[in-house]
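Turn these sequences into a full structure, and let the hints guide you.
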Amino acid sequence: MIMNQRIIDHFLLMVFLCLSYDGVRGTKLSKQEDLELEKQLKALNKPPIKTIKTKYGDIYDCVNFYEQPAFDHPLLKNHNYHPQMKPSFSMKESVSTTSTSNYKSSRIGLPDRGCPVRTVPIKRTTKEDLIRHKLMPPSENVMFNNSLDRLAIVHTEDFPGSKFGGSGVITNVYNPRVEGEQHSACRLKMIKEKNIIQVGWRVDPALYGDNLTRLFIHFTDGKTSSCFNLLCPGFVLLNTQIPIDGVFEPVSQRGGNISDIGLSINWDLEEGNWWLFSTESNTPFGFWPREVFDDDFAYYVTRVEWGGVVYSPPGILEPPMGSSFFPIENNNYDAFCKNMTLLSDRGGRLYTVESQLSTFLSNSDLYNVSTIPGLMYYGGPGEK
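Under mature numbering (1 follows the signal peptide of the UniProt record, and there is no 0), residues -26 to -1, 1 to 358 are what the sequence shown spells out, in order.
A portion of the hints provided could be inaccurate.
[Stated by the list, open to error] Straight-line C-alpha distance at most 25 Å; calculated DSS-like pairs for lysine-lysine: (1) K13 - K29; (2) K78 - K29; (3) K78 - K13; (4) K108 - K2; (5) K78 - K16; (6) K101 - K2; (7) K51 - K20; (8) K13 - K27; (9) K108 - K16; (10) K137 - K197; (11) K51 - K197; (12) K24 - K108; (13) K101 - K5; (14) K13 - K51.
Honestly, the hints are just simulated from the structure, not real lab data.
As structure tokens, this is what we get:
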């Protein structure tokens, strides 16, 4: 079947935005480049039904559900998704990451009651955003072979036949200091071959244009697309009140008030979609449709990771990770991940036993990772 050429051209434009990280710093835009950016903006910023401005200066357009970026993907041209969608599974019977601590939950939300029903909040993209995104480094690789990424994580063992259909975590939220093209993050990452989905918190001036701690999602479809948040078609947003790149508040203060979040990614056995949840209220953000991944990714992942990752360009000092201090195995002072849960590929609960997980640390002089029953600690000062 021959696809509509306009849709294909639009999709290729999105892929260009997701993958064009080789921009030249400080180069003045040519007229042709400027026209290309204007074309991208027109494609990205859909007509809003309502517009919301946050206290951080973000502008979110409440866009008709059916006009959100996900449906620019050519493989979703004939989709039957709708605003009232729910997964076939019950979160109470699935990954449970409900916090039992006295910590305050770090929240994301929009003022003015968020967006109306049948619309979703999409952050308005500016020309400055597009220029900045072109300077972003390549996203973190599937395995540990990017010499510029520094990790302090725990992960499942790479046993033959490992099959996972979901995972969850509770992690406290910090605001490590980064500059320029550096970033510092904590994430839950699920992998199968070249397919990746991940979620967590992130401080990333190149991505967001500020130094605030924000929610992020990222996916790689195993073929052409690899991008953050809603910058290219792939994630179907359902939540009308929680933006996918919103600011976490409050963040943790080392030795003071600690704020945490619960997140999970679960595979829907009946529909084949990968659902993203905030587990505090069992609220779905939305889902990655089965259509956008390789066929192999439609049923399970083979590896799950939890923990911290930082990046710094060549010649620039490494940034801090987590709480910005080496962990001392104290929840009030360390960055941590807990309730690291797993589901089988058939939806059954597996284990939350840290002794069955392995650790990986890129640089023990700058960061560290350790585990005790029920918890993993990570972080470090970097090169201050």
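Hint check:
1. This hinted pair does not check out: K13 and K29 have alpha carbons roughly 29 Å apart, beyond 25 Å.
2. Distance restraint check for K78 and K29: the Cα-Cα separation of roughly 21 Å lies within the 25 Å cut-off, and the hinted pair is therefore satisfied.
3. A hinted pair counts as satisfied when its Cα atoms are at most 25 Å apart, and K78 with K13 does not qualify at roughly 43 Å.
4. Distance check on the hinted pair: K108 and K2 sit about 13 Å apart at the alpha-carbon level, within 25 Å; holds.
5. A hinted pair counts as satisfied when its Cα atoms are at most 25 Å apart, and K78 with K16 does not qualify at roughly 40 Å.
6. Distance check on the hinted pair: K101 and K2 sit about 13 Å apart at the alpha-carbon level, within 25 Å; holds.
7. At most 25 Å may separate the alpha-carbon atoms for a hinted pair to count; K51 and K20 meet this at roughly 17 Å.
8. At most 25 Å may separate the alpha-carbon atoms for a hinted pair to count; K13 and K27 meet this at roughly 24 Å.
9. Between K108 and K16 the CA atoms are separated by roughly 17 Å; this keeps the pair inside 25 Å, and the hint holds.
10. This hinted pair checks out: K137 and K197 have alpha carbons roughly 21 Å apart, not beyond 25 Å.
11. Proposed proximity of K51 and K197 is supported: the alpha carbons are some 18 Å apart, at most 25 Å.
12. For the given pair, K24 sits about 29 Å from K108 by alpha-carbon distance, which is inconsistent with the 25 Å threshold.
13. Of the supplied pair hints, the one linking K101 and K5 holds, its CA atoms being roughly 14 Å apart against a limit of 25 Å.
14. Distance hint between K13 and K51 is fulfilled; the C-alpha atoms sit about 21 Å from each other, no more than 25 Å.
Hint violations for this structure: numbers 1, 3, 5, 12, all remaining hints satisfied.
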